[in-house]
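Visitor: Chain order of the listed sequences is A and B. Per the numbering used here, residue 1 is the first one in the first sequence, and the count goes up by one each step. Per the numbering used here, residue 1 is the first one in the second sequence, and the count goes up by one each step.
Just so you know, these hints were derived from the structure itself, not from any lab. Treat the hints with care, as some may be off.
[Said to hold, decoys possible] Here are the simulated DSS-like pairs of lysine-lysine, each with C-alpha atoms no more than 27 Å apart in a straight line:
1. K97/A to K54/A
2. K101/B to K23/B
3. K271/A to K73/B
4. K23/B to K133/B
5. K171/B to K101/B
6. K23/B to K271/A
7. K23/B to K128/B
8. K271/A to K128/B
9. K171/B to K23/B
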Amino acid sequence: MTDLRDIIAQIDLLEPVPPVAAQILALADDPNSSLTEISELIIHDPALTANLLKICNSAFFSLSRRIDSVRDAISLVGLDQIVELVLFNSLSSNFNKELVGYGLGERELWRHAVSSAHVAAMLADRFGASQTKHLIFTAALIKDIGKLILGRFVAFSYEQINILVHSKGQSFNDAEHAIIGMNHEELGALVAKRWNFSEKLIYVMRHHHLSDESARQDLETVLVYLADLICMMMGVCTGADGLSYRFYSDVLNQLSLNGNDLQGIIAEAGKNQQQVEVLLAL
Amino acid sequence: MEQRQLKSNAVAMMTAVNFSEMKISRNPAETLVAFSIGSGIGVALFDPGCGVGGILNFMLPDSTRAAGVDPAKVPLMFADTGVPFFVQALFEQGMRPDRVKLVAAGGAHIMDQTGMFNIGQENYAALKNGLAKYDLTIQHEDIGGTSSRTLSLEIGTGSSCIKIFGQPEVKV
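The shape of chain A in the complex, shown without the other chains:
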């Protein structure tokens, strides 16, 4: 087994997420916060502001006039979109890297992350979780951040993990834990903690494969889990772990989802993917 201290020490080698990202997230899901507070936060980060204005003025949004302030950006483009762009701006450089152990090429984990975040947001609307939509979106976006570090350890242990998965029927995350001593959920939660993300966000990341029974009762975690499954089934940049995670039909039953509903959701997600591809190309 790997010395876990070696793994944990790698957290500091990730490109740190600016504190402003966590602060904006907290404000975005707080019903008492104002747009002024959010735009104040953004304008104190000049690089972020410049990037945001550049993207808002790009052809993607095709707005009728040029945007020259963050306040304008929020009112014209919408808060959801601004939160999304702030997250993309803070995270994409980490996620763009190639991950050998997971069989993912450059930008592939990012593509999977952005796609599952969009599916998660769609599910949040459908299942009455619009209050915590930003949290759900963010959790789906960064849930696999542990893979950025664990990738090289998985690469060394892939044979052993593969035996547990394909001969013993263990899920990939359970096999990671058994062989390496830690899985990408646990490591991801540690990263989120180091970056001062909220307790709830850490919880969802830690349990997004629902191994823990109590997490199956938590709507936000369940929706992030479901979005992940849907992206695996659609085949959005799945890697070495493939679809080797557990399916809990009880969770779908709780949401009153049958097989047809699941197919309908996948069709809708597949249709929306075109929009996601445009966004990824920005």
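Starting from the structure of chain A, add chain B where the hints point.
Guide: The following block gives chain B in isolation, referenced to the frame of chain A:
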């Protein structure tokens, strides 16, 4: 039969076939690739007689169950609408059913995803059903399980490859 060999100085071209898409080619320098197929199925058809081939990468079995999506806009998302669309497009390019080589890969499932939730299995049944209407049968397949697969088709040689991470590539 006409010999279709890649010229040594030709630049090989790789064209991705995303889900809910198909690509058809008669360019011997081109390789079509459907990356990371999950529950959907990649179907590679090749007719060595006329050198035309294509890949369809569909995602779901049945367009009538897709609430909120207009199948007329995305016929290639579904087996029931995508297979006829794909096969007829190949017929128009001169493909003949008696000469076709047919390879299928995908139809995977999440662990314990059984019964009505096993979309991979339904996709496979819908594919066979769709192909039977044209008297087409699958010559080689790798279906089911919990791995994602990459399927490619070299138009120059007509050979297909199925790749699962960590396993040797299977060339047919």
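Visitor: All hints are to be evaluated individually against the structure, with a verdict given for each.
Guide: Taking the hints in turn, this is what the structure says about them:
Restraint check for K97/A and K54/A: satisfied, since their Cα atoms lie roughly 24 Å apart, inside the 27 Å limit. A threshold of 27 Å between alpha carbons decides the hint, and for K101/B with K23/B the separation of about 16 Å falls inside it, so the pair holds. Distance check on the hinted pair: K271/A and K73/B sit about 9 Å apart at the alpha-carbon level, within 27 Å; holds. Taking the CA atoms of K23/B and K133/B, the gap is near 21 Å; set against the 27 Å cutoff, the hint holds.
For the suggested pair K171/B and K101/B, the alpha carbons sit about 13 Å apart, so the restraint of at most 27 Å is met. Note on K23/B and K271/A: the hinted pairing holds, with a Cα-Cα distance of about 18 Å set against a maximum of 27 Å. Taken as a hint, the K23/B and K128/B pair is honoured in the structure, with Cα atoms around 20 Å apart against an allowance of 27 Å. Only pairs whose Cα atoms come within 27 Å are accepted, and K271/A paired with K128/B is accepted, the gap being roughly 25 Å.
Pair hint K171/B plus K23/B holds up; C-alpha atoms about 20 Å apart against a cutoff of 27 Å.
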